[in-house]
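Residues per chain, in single letters:
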Amino acid sequence: MHFKNNKLGLLKEHDVTDEKLYLNRRQFINKAALLATATALPSVAWAESNDAPSPTYKHLQKSPFSASEALTDYEAVTTYNNFYEFGVGKDDPAKNATAFPDKSEPWRVVIEGECDNPGEYDLDDLMKPFTLEERIYRLRCVEGWSMVIPWHGFSLADLLKQAKPNSKAKYVEFHTLYNPQQMPGQQSSVLQWPYVEGLRIDEAMNPLSFLATGLYGNDLLGQNGAPLRLVTPWKYGFKSIKSITQIRFVEKQPVSSWMKAGPAEYGFYSNVNPDVSHPRWSQARERRIGEFLKRKTELFNGYQEQVAHLYTDMDLKKHF
Amino acid sequence: MSSRLFKISVFIVSLMPAVALVYGLLNDQLGANPIETLTRDTGEWALRFLLITLAVSPLRLLFSWHFLAAIRRMLGLYSFFYASVHMLLYVWLDQFFNLSDIINDIIERPFITVGVINFLALIPLALTSSDAMVKRLGTERWNRLHSLVYYIGIGGVIHFFMLVKKDITEPVIYIAILAVLLGIRLYRYSRRTLIAT
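Protein chains in written order, with my numbering: chain A, 1 to 320; chain B, 1 to 197.
Here chain B stands alone, though its shape is the one from the complex (with noise of 0.2 Å):
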């Protein structure tokens, strides 16, 4: 497979949790609280992404999958999609746009503080996604500013694990995806310097 047909299969693969939801809401299948429905799919669907854009690196190193670097922007900037989705759900059907309501809840609920801050930090690292933009930091800085993407992977996992009201099930497994990932390049990163010193 070239690798410009590659890259069109996974943003269509990519596009299809949207294509379904929007299909559920029109054909009325996403239950007696359709809004309640998006809302959680989107985020859970941005959580997924990142955790996929997040193995991009690990694979590489494990199984030499270097066709997976063309794609690791767009997985990014999908999770970026249904982040923004998610949050503009929130903002529009959860507090039809009070601004007041949206800050007092932000600092009322724990849960909402730590992914309004995810999401917001989800932002420069998005519109610095482009080639120019790498070119315009530099590389070194670059890097340095989209490490940023660990913190909220943490904070993603964190936003999933507050707000279940007692069935952890599901967040622990993110939690666990998210620490293997992490992990990976925690050992990489101890054996490099260790051999550095």
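One chain only, chain A, in its complex shape (with noise of 0.2 Å):
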């Protein structure tokens, strides 16, 4: 049935394209091409250079704290993940939250503690108030790896601040969605569930922590931690958090899942600092996926403008 609409069979000579015509349309529709790249170009760079998806976000908000270094692939940010709530391989994550978050169902935040305006909100009403802005961090993971992400999302700071934080509201603390039916990860006592993170308030109000709802232009996919995560681009990948489902101001310091795991390894602050070593990862230095040479880690992960003045005070080696 289908060869019989095969058309190449009913043609006749007059038909054919002069060849010399074909390929001067060719040509038009390159140059048209090009001439749409270009244009697109100031607000997806990166389109042209990677394997990614189109984006959904076009005109994302730019931000004076984006990295101007090379994009990690888009297939490296999506395919190799540390998310224990979908497995503890690199892979797991890619391959076991397709499914994740359930669409069916709105997203619940819950913003609570120490505050004057405590509430518990639908994702998409949470993020009404602020334009998404687009930041392209470094991401420093514990295990001596290294990525550059385009995100987008808001300031953590933001909405923070919607929430009018008392004069007790010493810490923030962040919990992950628990929720062994959609992240099978949690039915295994790898970690203590739900995944707890926290930040010092100081540090939750600089301008460079975000939440991100997306990235390279596209919504967050599940194991990129969807649809809400942190962005702290300064500490260890695993201070993070992803799928949030709690904030909460505490006055006391928050003891997140890393830290009762294994005390002795990883800290509270849990800043990048290449002369803090782990004791399986030396910190000195970072194999950047994609790039065969490794490069040197920098304190705070490069972020020191940003950030050193938060820690002017402190023993890093001790507070690690």
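Just so you know, these hints were derived from the structure itself, not from any lab. There may be inaccurate statements among the hints.
[As the list claims (entries may be wrong)] Subject to a maximum C-alpha distance of 25 Å in a straight line, what follows is the list of computed DSS-like cross-link-like pairs (lysine-lysine):
| # | chain 1 | residue 1 | chain 2 | residue 2 |
| --- | --- | --- | --- | --- |
| 1 | A | K95 | B | K165 |
| 2 | B | K166 | A | K318 |
| 3 | B | K166 | A | K90 |
| 4 | B | K135 | A | K294 |
| 5 | A | K294 | A | K170 |
| 6 | A | K252 | A | K318 |
Now that you have both chains on their own, put them together as the hints suggest.
Now the structure itself:
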């Protein structure tokens, strides 16, 4: 049936386009395509160099905090993940989080604790007041590898201020969703669930602290912490808690999941620091995913200018 | 199957993990961090071949599978082969042949210390694996030297146990296998000494 409609057999000679004309048209299409890409360049600079799907958010607000380094391939960003809620292997989250989050129900976020304006929100309502902004950040994992990722989302401080934290709000604690049905990794006791992370209030209010809802111009995928994740680029990756459902202002320093798992190995601050090594990983250098040679790791992952003042009187070896 | 054909088959099968890794590397199938995959997989194969080598004697003892004697040396040398590639990847692609970095790393990170000692201990065993060396050393001395392999086995599983971040399932499986293999030997040894006395 299919072959009956094949027009090739029915074509007569005068139907065939002259080859010169054809070539001209081809050139025109190429030029037009080039022009289209060129005009699109300022807003989506990475689209042409990468294997990323075309972006749904094309006009993201730029940020002075964005790095100008080569971006890590989309493929690597979305298949090489640590997200134990979906398995302990690097490729497990991409395999096990395909249906996450369940889009049939709205994602709820609770903001509570030491604040005057607590509340529970649908993520859509929570995001409404904010303009989506792009932040190209370096991500340094405690395991000694790093990436450069174009996130988008909004500033954590902007959200926290709306909740009006009171004078007792010394820290901010974050929780990941606890739902072993949706997150099969939570059926194992490899970590204590739900995943908990925390920041000191001034760290949380620092303009670098970011809540991401997407990357590469599209909504976050499950493996990257959809639909809402923290990004603190001067700290090791595990501080950037994924799939957040709770934000709580507290007076006492929270105990994070990794602190519970290995208090001698993972501290509360977990700032990127080449001079403080982990028992398993020297932190002096890192392998940027996609690169062959290793590069030197920078103090605070190269964000000294923005965050060094937060730690002026602290012994960073003690407060690792 | 003739013994020669058996040996050749085992040789080819044992080489397959290396072939698969090279194929994966050339076809970009080793994930986002291929160097890490190569290092981890060669290390795991070194440990697997070590345990397979250590399984030969118990299998002969329990099931009289004496044909395995013919391939024990080859299996041991395969363990050394995968361990050498593993070590080369570390020295080259992790440390870029920087001697002072390597020394610092050995001192700083306990699992590296264990791994390096383990590798160094494998070298004399590989060097004395030929029939000529057995003859030169004499069976008794050769046996004493090669009993190092038990400690290397223990070192190997400890090295693996120390390097995993949180999920210890895999190293625990290796520890259990090693415990069984060494347990059989201990049981046999204690029975023998009991009868002797």
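Structure-based check of all given hints:
1. A/K95 - B/K165: holds (21 Å)
2. B/K166 - A/K318: holds (23 Å)
3. B/K166 - A/K90: holds (13 Å)
4. B/K135 - A/K294: Given pair B/K135, A/K294 is violated - Cα atoms ~47 Å apart, limit 25 Å.
5. A/K294 - A/K170: Violated, at roughly 38 Å.
6. A/K252 - A/K318: Judged against 25 Å, a Cα distance of about 18 Å means the pair holds.
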